[in-house]
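2 protein chains.
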Amino acid sequence: MKIGIIGGMGSAASVRFYDMLIKKFQERGAVEDFEFPEIILFNLASKGLNAEGIKDEKIIKKDILKAIQCLNMCEIEKIIIVCNSVYVYLDYFQKFSDANILNMPKLAMDECGFFDFGVVCSRTTEKYGIFSKSKFHCSEKDQSTIDYIIARIISGKSTIDDMLLLEEIIIAMQMQGAKKVILGCTELPIILKRRLADIVDPCESVIRDILK
Amino acid sequence: MKIGIIGGMGSAASVRFYDMLIKKFQERGAVEDFEFPEIILFNLASKGLNAEGIKDEKIIKKDILKAIQCLNMCEIEKIIIVCNSVYVYLDYFQKFSDANILNMPKLAMDECGFFDFGVVCSRTTEKYGIFSKSKFHCSEKDQSTIDYIIARIISGKSTIDDMLLLEEIIIAMQMQGAKKVILGCTELPIILKRRLADIVDPCESVIRDILK
Chain A
12 MKIGIIGGMG SAASVRFYDM LIKKFQERGA VEDFEFPEII LFNLASKGLN AEGIKDEKII
72 KKDILKAIQC LNMCEIEKII IVCNSVYVYL DYFQKFSDAN ILNMPKLAMD ECGFFDFGVV
132 CSRTTEKYGI FSKSKFHCSE KDQSTIDYII ARIISGKSTI DDMLLLEEII IAMQMQGAKK
192 VILGCTELPI ILKRRLADIV DPCESVIRDI LK
Chain B
12 MKIGIIGGMG SAASVRFYDM LIKKFQERGA VEDFEFPEII LFNLASKGLN AEGIKDEKII
72 KKDILKAIQC LNMCEIEKII IVCNSVYVYL DYFQKFSDAN ILNMPKLAMD ECGFFDFGVV
132 CSRTTEKYGI FSKSKFHCSE KDQSTIDYII ARIISGKSTI DDMLLLEEII IAMQMQGAKK
192 VILGCTELPI ILKRRLADIV DPCESVIRDI LK
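Respectively, the protein sequence lines represent chains A and B.
Residues in the first sequence are numbered consecutively from 12, following my numbering.
Residues in the second sequence are numbered consecutively from 12, following my numbering.
Honestly, the hints are just simulated from the structure, not real lab data.
Check each hint, because a few of them may be wrong.
If several chains are the same, the list does not tell them apart, and a pair holds so long as it fits within one copy or across any two.
[Said to hold, decoys possible] Restricting the straight-line Cα-Cα distance to at most 25 Å, the calculated cross-link-like pairs of lysine-lysine (DSS-like) are:
#	residue 1	residue 2
1	Lys168	Lys223
2	Lys106	Lys117
3	Lys35	Lys204
4	Lys69	Lys13
5	Lys138	Lys223
6	Lys35	Lys168
7	Lys73	Lys138
8	Lys204	Lys34
9	Lys58	Lys13
10	Lys66	Lys13
11	Lys58	Lys35
Could you put the whole structure together from the sequences, leaning on the hints where they help?
This is the structure in C-alpha cells:
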C-alpha cells in the first residue's frame, strides 16, 4: 500500500498520525520493513495556517497542491491531509489527483452514526462548517480557550492545565446532551491523555478506513 | 530549511527521528507552522533489509535511489537516511544528488572525539565497518542478542527485558574500557528509556548537525 500524508499543520499532529499508523501496522503483525506501508509524508511549513486554522486561503491551497503534485509522480493510492480545516477545499484538491484523498471529517462524522454529536475544533473548522452535522458547538468563550490550547500544542508548550481545560469543555458538551464529541482539530488528541468516553478522533477514523 | 528523510528501516525508528526533529524545533521556539522545517519523509517498505541489516544490496540501493530522485525534484537541501547500515553506499548515493546527504555514522564518531569508543549495532553495520574507528565490539553471543532485540523493536514487541539486555551489553562494554558507546542502530535508542552515561545516539548527532 502506498500512502501519502500531507502534514505540518501543525507538525506535532503529523508526528502523532505517522506514529499511530506505524503502531497499527505493528499491532496487525508487521515484522519486516516491507510489511509496513510505503509512505511519503510532507511536513509543509506553510504560512497559510495558524492556530485558528486557515489564515490565507491562496497560500495554503498552493502549498498543499504542490505536495499533491509531488505525490502524483510517486504513484500514491491514498492521501490523507492531517488537518481538518483544509477539507473545505477537498473537491478542489481531488481534481488534481487520481489518488483518493480520504475525507477525514466525513469519516469521523460517519462514526457518530445516528447519535447527536458535538465538535471541538479550530475557529475556521467551525466557521467553514467542516463538521456540518454537528449539533453541539463551543461557545465563543470556549472557542477562545481552544484557540489558545491549539497554539500551545503546536509550539510544544502545553501542560496538564490545557488537558483539564479541554476535558472540561468536552464534558460540558456531553452534559448538554452530546452522545459523541469529535475532536475536530488534529492537535487536540495529542494532549488528551486520559481516555474519555465517546470521543471520536478523526485520525483514528481515517486510519481505520485505510486498514479496512 | 528543506529536509529529506529516508526511513522505514525500520518504520518505528523513522517515527522517532521525525518526532525528535520536530520537538527540537519546538524547543528552539517554533510556534507557527512556517517556523518548522519543510520535510519530505519517505517511509520505504523495502525488501532489501531485515533485522540483521542489509539483506539484498541491489534492492535496497534501488529503493533508496528512488527516494533520492524524488527528493531531487523537490529541491531538498539536506538528506538524512535513518539507518546506519546503508551508509556503506553513501558515496554511491551522493553521486545522484546535489543535496548534502549527512553522514550520520561519521557525525556520531566525531562526537566521541579522542575517547576510545565501542559500538552496539546491527550485524551488517558491524560487518561493513560503518563505525570503523570503534575499539570495542559485541561478541558473537551479544550480537545475536542484539539481532533479536532489533527484530522485536521493528515489530513493536519489545519489553523491559529487551531494555535490560541492551543495558547489560552497553555496561559490559563500558567496563571493558569504552569511554563512549555508540548506539549504531536507529532502532536501539527507542527502548533505552533510562539515560545511561556516555551513550552516543547518531540520530541526536545528525539533528545537532542539521541545527547548527
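Verification of the supplied hints:
For the identical chains of this complex, Lys168 and Lys223 are inter-copy neighbours only, at 23 Å across copies versus 35 Å inside a copy, given an alpha-carbon limit of 25 Å. Taking the shortest alpha-carbon separations for Lys106 and Lys117, only the intra-copy value of 18 Å comes in at or below 25 Å, while the best inter-copy value is 45 Å. In this assembly of identical chains, Lys35 and Lys204 lie within 25 Å of each other by CA distance both inside one copy and across copies; the values are 18 Å within and 22 Å between. Taking CA atoms no more than 25 Å apart as the test, Lys69 paired with Lys13 passes between copies only; the shortest distance there is 21 Å, against 28 Å inside one copy.
When the C-alpha separation of Lys138 and Lys223 is checked against a cutoff of 25 Å, the pair qualifies neither within a copy, at 32 Å, nor between copies, at 41 Å. Proximity of Lys35 to Lys168 under the C-alpha cut-off of 25 Å is restricted to the inter-copy arrangement: shortest distance 12 Å between copies versus 27 Å within a copy. For the identical chains of this complex, Lys73 and Lys138 are intra-copy neighbours only, at 21 Å inside a copy versus 47 Å across copies, given an alpha-carbon limit of 25 Å. For the identical chains of this complex, Lys204 and Lys34 are neighbours both inside a copy (17 Å) and across copies (18 Å), given an alpha-carbon limit of 25 Å.
In this assembly of identical chains, the alpha carbons of Lys58 and Lys13 lie at most 25 Å apart only when taken from different copies (15 Å versus 28 Å within one copy). For the identical chains of this complex, Lys66 and Lys13 are inter-copy neighbours only, at 22 Å across copies versus 31 Å inside a copy, given an alpha-carbon limit of 25 Å. Only between protomers do Lys58 and Lys35 lie at most 25 Å apart by alpha-carbon distance; the minimum there is 20 Å, versus 32 Å within a single protomer.
In the structure shown, a violation is registered for the earlier hint numbered 5 alone.
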